[in-house]
Each structure stands twice: as structure tokens, then as C-alpha cells.
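Peer 1: Sequence:
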Amino acid sequence: MNLHTLPYYRFAEDAALYRAIALTLVISAFAAPLDDSRNAEILRYSSENIGIDGYRFEFATSDGTSRTEEAELRNPGTDNEAIAVRGSYSYTGPDGTVYVINYVADENGFQPEGAHIPK
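Residue numbering for the sequence shown follows my numbering, starting at 2 and increasing by one per position.
Keep in mind the hints are simulated off the structure, nothing from the lab. All values derive from a computational prediction rather than experimental measurement. Note that the Cβ used here is the ideal one computed from N, Cα and C, for glycine as well. Among the clues, some could well be false.
Unchecked claim - Simulated restraints on C-beta separations: (1) Glu82 x Asn103: 20 to 30 Å; (2) Ala116 x Asn76: 11 to 21 Å; (3) Phe111 x Ile43: 20 to 30 Å; (4) Arg20 x Arg45: 16 to 26 Å; (5) Phe58 x Arg20: 45 to 55 Å.
Model the full structure from these sequences, guided by the hints.
Peer 2: And the structure:
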């Protein structure tokens, strides 16, 4: 074996290894699931907020996510003045299941309900 050609063979072996690694990375990138939520478009949006005694908003996106929420001021002008919120949101999980959560947030804290939430 000629000693002058040894580095060339070593370089060729390394280059083949690097090409195989690069090809594996490219193939795995195409096989990875796409996250549609990053590219979701807003299909519906409305908001009512007069800034005094409550608000209401809702939206829906192209990936199946939606949310609606409304709030009201309770006991205005008293020491017990508080805002009470009621709403719901839904989304499609990675398993394809649509999850729906209804909630209330008031003087008793955040109270979510959903078929998938333990009672």
C-alpha cells in the first residue's frame, strides 16, 4: 500500500459516513409529524370589552382550537368586589381526540370540568 494515498482513502470513508448521517437526518425530518398549531389561522374572533363591568371574547382557529370566555363584576364598590369568569376551550390532542374543558373562575378558585379530567 502506498503511504501517499492513505489519507485519501480515509477522507473517502469519512465522507461516505457523513453523507449517510446527513441522509438519515433528512429522512427523519420528513418523517416527523407536522405541528399544525404553529401555522394555524384565525377563522373567527370577536371581543366585547367596555372596561367597566366585564368582557366577552371568542375565537376559533384552523387547527380546531377554540375558546370562549365571559366575565362579570360581582359586588361592585364593596370590599367583596370580584370578577367571575366562565368559559370553555377545546383543542385536538396529538391522538386525534377533541378535548373540551368548561371552567368557572371566581371567589372559589379555578374549577375546570371535562370528560378527561378526573373528578
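Peer 1: Which numbered hints turn out to be false for this structure?
Peer 2: The structure conflicts with hints 2 and 4, although it agrees with all the remaining ones.
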